[in-house]
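Colleague: Please put together the full structure from these sequences, using the hints given.
Listed in order, the protein sequences are those of chains D, R and H.
With this note's numbering, the residue at position 43 of the first sequence is 43, and numbering never jumps.
One gets this note's numbering by counting positions in the second sequence from 1 and adding 1000 to each.
One gets this note's numbering by counting positions in the third sequence from 1 and adding 2000 to each.
Hints are all accurate, no fakes.
Keeping only pairs whose Cα atoms sit at most 25 Å apart, straight-line, the calculated DSS-like set for lysine-lysine is: (1) K2083/H to K73/D; (2) K70/D to K2013/H; (3) K1040/R to K1007/R.
One-sided excerpt, in silico: chain D residues whose CB lies under 8 Å from chain H: (4) E58; (5) Y59; (6) Q60; (7) I61; (8) A64; (9) R66.
Just so you have them, the derived chain R footprint on chain H, three or more residues with Cβ under 8 Å: (10) 2018-2028; (11) 2123-2131.
No wet-lab data here; the hints were simulated from the structure.
Just so it is clear, CB atoms sit at the ideal spot from N, CA and C, and this is done for glycine as well.
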Amino acid sequence: MAAYNVNGTEFEHDEEGYILDVNQWNEDLAKVIAVDEGLDMTDEHWEVVNFLREYYNEYQIAPAVRVLVKAIKKKFGADKGSNKYLYELFPYGPAKQACKIAGLPKPTGCV
Amino acid sequence: MLHTVNKSPFERTSLDTCLRLAKKGSAILLIEDGVIAAVKGTAESAKIEGAVGNHPIYVLGPDLKARALPEDQVIDGVKVVDYAGFVDLAEEHGAHNAWL
Amino acid sequence: MAEYEFDTEGVKKTFTFMNRKAPYGTVYALEVLETVLISAAFEQHANIVFVDDGVYQLKAGHDTADIGMKNFSPTFGIIEMEKEDADEDEDIDMVWRILVEKESMEARGLSEDDFKVDIEVVTAAELADIVDASDCVIGG
Chain D
1 MAAYNVNGTE FEHDEEGYIL DVNQWNEDLA KVIAVDEGLD MTDEHWEVVN FLREYYNEYQ
61 IAPAVRVLVK AIKKKFGADK GSNKYLYELF PYGPAKQACK IAGLPKPTGC V
Chain R
1001 MLHTVNKSPF ERTSLDTCLR LAKKGSAILL IEDGVIAAVK GTAESAKIEG AVGNHPIYVL
1061 GPDLKARALP EDQVIDGVKV VDYAGFVDLA EEHGAHNAWL
Chain H
2001 MAEYEFDTEG VKKTFTFMNR KAPYGTVYAL EVLETVLISA AFEQHANIVF VDDGVYQLKA
2061 GHDTADIGMK NFSPTFGIIE MEKEDADEDE DIDMVWRILV EKESMEARGL SEDDFKVDIE
2121 VVTAAELADI VDASDCVIGG
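Modeller: Here it is in structure tokens:
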């Protein structure tokens, strides 16, 4: 099983790079996954990642993209509440890339 | 609305719940193991016997035949239909509610 | 593959999701829940109904740690949140109702206080009218 290596600690992930145990996640690991994804984590990226983690902790499931858009809009203002904004931050899709960095399981179907 | 029930009344509560929640006058079609409810002289026959006055009730012939349940043992007032009849019922009654 | 065009602009229908199975023993409960969540994207009216053993899906205090399955009880909070959003936001034309059949609830010795989300209790007769008036019923 492949794993991310963060300062000597191994974090197992599946063939697509999603970590196997959501509870193992930490910010250093998120940074390592982001590098793998070719992303430079800015405050804006962290806003989305932290929102995903909070949502997952509460509901045990990743949000649908439209829920994510709506919630980001509510929390961080209208200029950030769009698909376009999220895709600028996460070019391969907020659901896939941001969830992976947030340590969440791969979203199933369209949620 | 067309209600279908595909479970035996001896095994599941699907028929009971269907009869409790189907609006009077809406059609009920018994299919698959649900056809067992349409047979006379069983410990569960009273359910359909009591419902024929409130709903048009149908039973799918091919499912009776497959289970060796003769059409002449079907409860009075229940109509036997074939697959074409099933299609007609679906078309005629609009929304479909499958009690699983 | 054939191409289809769907003109859904302005289409508004009422969906009834009929939850009749206890959680964890079979996959029905989780499948219906996922369908409800997906359908929220289309902003349609929905009745999320719990009858028979389905009422156990809403009981507060699920703990699945020892059966090695995911506890999907917290996910029902999303339904509650979507409903509240739709109720509060005038721009969203979407009415969601979370309904429990009185007869099923009482037959299992449960009361409104046992559930983890706010629900409406309706009688079988009231529910029959609600179900009959919906455009699409998804059972499970």
